[in-house]
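Trainee: The residues making up each chain are set out below.
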Amino acid sequence: MELHQVRYFVALCRTLNFTRAAAECDVTQPALTRAIQRLEEEVGGPLLFRERNMTQLTPLGRAMVPHLQAMLTAAATARRIADEELGRQQTVLRVGLGPAIAAARVADVVGRLVRFCPELSVRFEEAGAPALVEEMLSDMLDCALLPDGPDLPDRLHRWKLWEEGCVVVLPGGHPLALRGSLTADELAGETLLVGERCGGFALKLTEANPRALTVRRCGGSWVQMQDLVAAGLGLALLPDALGIGAGLVSRPLTQPRLRRSVLLTLVAGRPQGLAVANFVKLCRARAFA
Amino acid sequence: MPRLRDELESQRGMMPEEVRLAYEAMVGELQRTGFIAQALQIGDRFPDLVLPNAEGDLVSIGGLLQSGPLVVTFFRGEWCPYCSVTLDALAAALPEFQAAGAALVAITPETGGRALLAKQNHQAGFEVLSDVDCGVGLSCGVVFRTPEPYRLLLEKFGTDLAERHGNTAWFLPVPATFVIDRTGVVRWRFVTVDFTERAEPAAILAALHALAASDD
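Chains as they are written, first to last, in the numbering used here: chain A, 1 to 289; chain B, 1 to 216.
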């Protein structure tokens, strides 16, 4: 398929009118019609119902739109970042960080992006998943790293970036720190800190073992939770990808084995600035260990 | 220089019967619709594009052209045995391309660190770029939508394009290799809809020598 065919088709999806789409793409209507026919031939079926007064997408057309749109965006944003003709040159990258997801995981990607966009400024925002989704939908954030979950709206594109396991974070002098790994049974009698923004592992474990563990609820982020661990208020269950503060140690929780996936998400169908588009490409292209 | 054609021939001999039928249908359809005519032609300007490389940096075609002519080749992924033997052959031929003053870039729609894996597995001393969502393949006119029967066979044999590409579009590039001069103009090309055929490294080298001779 060719760039112009896809461009005409996407314009036609927007306008549902051959004359207007042709005008928008600055081509004659027969040229646009021929290009669409070629595209239909290639994807193996009609993309549009052509009725006298109405143009509508076929089921195949509807299925193809997001993919062709994504491809077109990828083509446009692969053009040199410094290309002025692309218009609005985004210089701010706004990334949401879901519960217990550290900026450190993507800081390297941002660093590599900055080599191409020296004027780029970056804003990270830590919050719960619902708040970040809301901010993405209202265009206050470009994308967000969120734990996989059933409540993410269909409107979000999502790519799994990495999976992470669970560690028990405890003071270095704690008797359990002598063990190489820990099980839920070994935590019996301990106080577990449970917060809304700490990755959800503690909640999962306490739901499965309601009696064996004493729970202390605490707000705040995973960093503040570690401060509470250091102060002796209890132990924390956190993703193994996070950095551990001074004086603390982490031990893998091996029974049960708790895991979660971290997704890169953004609102489908929204025009992307160059910075976010290339940030997403860099994230999707690589493997996160 | 060993002939890549012989390696490809031996791979073709191992193609399971059901794959061969789906392959013949797919290639036949791409031939019937005149797919090749839409790929970049000799004399066209290769678009100046930016993509992530295997090491996670953004790399621009324009930047690479500053050091000399470029050989750009599209490949489907390491799951494809024809791509695999081609990457080996290109890795072996790289010193000769470099001696001719050129660099080599391989472009794949694969994501999730697979460009780096390909590079490591084939000891490729050249750039391997990840064409996320096939935007560059589209710009070069080398991308097509994999027909369902062939896609289902890929899945049956354990190749999940959705997972590898990070989308469910089922787009793949046809085998395409371009020699681009320093000004960004395509001076030689090998494009086919048959994924069992590839540009012979010796032919690429000859094109680079011809380019050098024409520049003298």
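Possibly wrong hints are sitting among the right ones.
[Claimed, not checked] Between beta-carbon pairs, the in silico distance windows are:
| id | chain 1 | residue 1 | chain 2 | residue 2 | range |
| --- | --- | --- | --- | --- | --- |
| 1 | A | 28 | B | 152 | 54 to 60 Å |
| 2 | B | 45 | A | 63 | 29 to 35 Å |
| 3 | B | 152 | A | 54 | 48 to 54 Å |
| 4 | A | 155 | B | 17 | 39 to 45 Å |
| 5 | B | 6 | A | 103 | 47 to 53 Å |
| 6 | B | 98 | A | 243 | 26 to 32 Å |
| 7 | B | 12 | A | 29 | 42 to 48 Å |
| 8 | B | 34 | A | 63 | 21 to 27 Å |
| 9 | B | 202 | A | 37 | 38 to 44 Å |
| 10 | B | 168 | A | 37 | 23 to 29 Å |
| 11 | A | 30 | B | 212 | 41 to 47 Å |
| 12 | B | 41 | A | 30 | 20 to 26 Å |
| 13 | B | 18 | A | 108 | 41 to 47 Å |
| 14 | A | 163 | B | 18 | 31 to 37 Å |
[Unchecked claim] Incomplete in silico selection of chain A near chain B, CB under 8 Å:
| id | residue |
| --- | --- |
| 15 | 48 |
| 16 | 268 |
| 17 | 271 |
| 18 | 278 |
[What the hints assert, rightly or not] Residues of chain B placed beyond 12 Å of chain A at every Cβ, according to the derived structure:
| id | residue |
| --- | --- |
| 19 | 33 |
| 20 | 57 |
| 21 | 148 |
| 22 | 156 |
| 23 | 181 |
| 24 | 210 |
Just so you know, these hints were derived from the structure itself, not from any lab. Source: prediction; values computed, not measured. For each residue, glycine too, the CB sits at the ideal point set by N, CA and C.
Trainee: The structure should be examined with respect to each hint, and the outcome stated for every one.
Mentor: Cross-check of the supplied hints:
{"no.": "1", "hint": "28/A x 152/B: 54 to 60 Å", "in the structure": "violated, 39 Å"}
{"no.": "2", "hint": "45/B x 63/A: 29 to 35 Å", "in the structure": "holds, 33 Å"}
{"no.": "3", "hint": "152/B x 54/A: 48 to 54 Å", "in the structure": "violated, 34 Å"}
{"no.": "4", "hint": "155/A x 17/B: 39 to 45 Å", "in the structure": "holds, 44 Å"}
{"no.": "5", "hint": "6/B x 103/A: 47 to 53 Å", "in the structure": "holds, 51 Å"}
{"no.": "6", "hint": "98/B x 243/A: 26 to 32 Å", "in the structure": "violated, 42 Å"}
{"no.": "7", "hint": "12/B x 29/A: 42 to 48 Å", "in the structure": "holds, 45 Å"}
{"no.": "8", "hint": "34/B x 63/A: 21 to 27 Å", "in the structure": "holds, 25 Å"}
{"no.": "9", "hint": "202/B x 37/A: 38 to 44 Å", "in the structure": "holds, 40 Å"}
{"no.": "10", "hint": "168/B x 37/A: 23 to 29 Å", "in the structure": "holds, 25 Å"}
{"no.": "11", "hint": "30/A x 212/B: 41 to 47 Å", "in the structure": "holds, 44 Å"}
{"no.": "12", "hint": "41/B x 30/A: 20 to 26 Å", "in the structure": "holds, 23 Å"}
{"no.": "13", "hint": "18/B x 108/A: 41 to 47 Å", "in the structure": "holds, 44 Å"}
{"no.": "14", "hint": "163/A x 18/B: 31 to 37 Å", "in the structure": "holds, 34 Å"}
{"no.": "15", "hint": "48", "in the structure": "violated, 16 Å"}
{"no.": "16", "hint": "268", "in the structure": "violated, 11 Å"}
{"no.": "17", "hint": "271", "in the structure": "violated, 15 Å"}
{"no.": "18", "hint": "278", "in the structure": "holds, 6 Å"}
{"no.": "19", "hint": "33", "in the structure": "violated, 5 Å"}
{"no.": "20", "hint": "57", "in the structure": "violated, 5 Å"}
{"no.": "21", "hint": "148", "in the structure": "violated, 8 Å"}
{"no.": "22", "hint": "156", "in the structure": "holds, 20 Å"}
{"no.": "23", "hint": "181", "in the structure": "holds, 18 Å"}
{"no.": "24", "hint": "210", "in the structure": "holds, 28 Å"}
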